[in-house]
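Enquirer: Letter by letter, the chains look like this.
There are 4 protein chains.
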Amino acid sequence: MGQARLTEEEVSARSRDLPGWSIEDGKLVRAFQFEDFIAAFSFMTRVALCAEQRNHHPEWENVYNSVTIRLTSHDAGGLSERDFELAAAINAAVPS
Amino acid sequence: MGQARLTEEEVSARSRDLPGWSIEDGKLVRAFQFEDFIAAFSFMTRVALCAEQRNHHPEWENVYNSVTIRLTSHDAGGLSERDFELAAAINAAVPS
Amino acid sequence: MGQARLTEEEVSARSRDLPGWSIEDGKLVRAFQFEDFIAAFSFMTRVALCAEQRNHHPEWENVYNSVTIRLTSHDAGGLSERDFELAAAINAAVPS
Amino acid sequence: MGQARLTEEEVSARSRDLPGWSIEDGKLVRAFQFEDFIAAFSFMTRVALCAEQRNHHPEWENVYNSVTIRLTSHDAGGLSERDFELAAAINAAVPS
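These protein sequence lines map, in sequence, to chains A, B, C and D. Read left to right, the first sequence gives residues 1 to 96 (our numbering). Read left to right, the second sequence gives residues 1 to 96 (our numbering). Read left to right, the third sequence gives residues 1 to 96 (our numbering). Read left to right, the fourth sequence gives residues 1 to 96 (our numbering).
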């Protein structure tokens, strides 16, 4: 089930498939840099739509061209499968 | 000045540098196809920010993964330099 | 089931609870006017998130401060319950 | 000029006309609560468009239905007129 808290071993294993993210304070974290605010905010809109589609939302902050995203599952008390699924969807949304 | 209506010759010359757009009913028109609605709408957000930045706005429609954009300068009674500038910014925003 | 095509009687009955919308060419249609482009596009973002949440998307167009939305269910070959649900969510999103 | 750093007296005077904001660490700060993520993010889109229009951008964070905005003028080394103008535009964007 998506909401179950993953064990440390599961988190380590899943993290290997997820370039760019690290674990900080028990959350999945990645910082992104864009060309300007317009590129940053249109990326955020894409992430917002992905989040709403899954009913699983990020903790995030934006300063001009930088966006930092933190993922956790409050109802699971830690990281769940849903965090890794949203992180993978976010990685797929990064302009190459 | 940006708002002056371009002559037919100027429109032809400017169009050569603008891949993907055509002239229909005196407007600059381009249709875009994306992977899904999420990709289409995040592109639209980028265009919306580019438009607001320039205070020059598109006529556009969206159906799921397709977006059609029409540009004209109502105050100039036709196409102006501002339409070509916005079209170039939109082209730069298309994910490659 | 949400995708079943509603009969004409069902459409009439459901329409009575839905202020502002009319039936045109078999689609649910409503036009909105806002103060400016910024208000129009932030409303569109709200509708886009509602649409993605339901996996049911509008046909819509925007010109500066005006937005026209058309709803239909292609898979049902006409109007379904999902169109009325999205229309009600859109009405709830209109700033009063 | 908009970029000049305001004195403490000017900041105090301007703050009186700006309900909801406080000064923290020399920045203008306001926290907002919305009904849900959809309402929060469509508000953020409105703020993003206001920011791009002015070429003056917030530092902000979002967790589900809450948005915290911090304003400062890095080029002025503190608060400038532009922060108060953006804050007033943000207040005007809050749904009543």
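The reader is advised that the hints may include incorrect statements.
Not the full set, but computed from the structure, chain A residues with beta-carbon under 7 angstroms of chain D [unchecked claim]:
{"id": "1", "residue": "PHE34"}
{"id": "2", "residue": "GLU59"}
{"id": "3", "residue": "ASN62"}
Note that these hints are calculated values from the structure, not bench results. Think of the CB as a built atom: it goes at the ideal place given N, C-alpha and C, for glycine as much as any other residue.
Enquirer: Run every hint past the structure and note whether it holds.
Expert: Results for each hint:
no.: 1; hint: PHE34; result: violated (12 angstroms)
no.: 2; hint: GLU59; result: holds (5 angstroms)
no.: 3; hint: ASN62; result: holds (6 angstroms)
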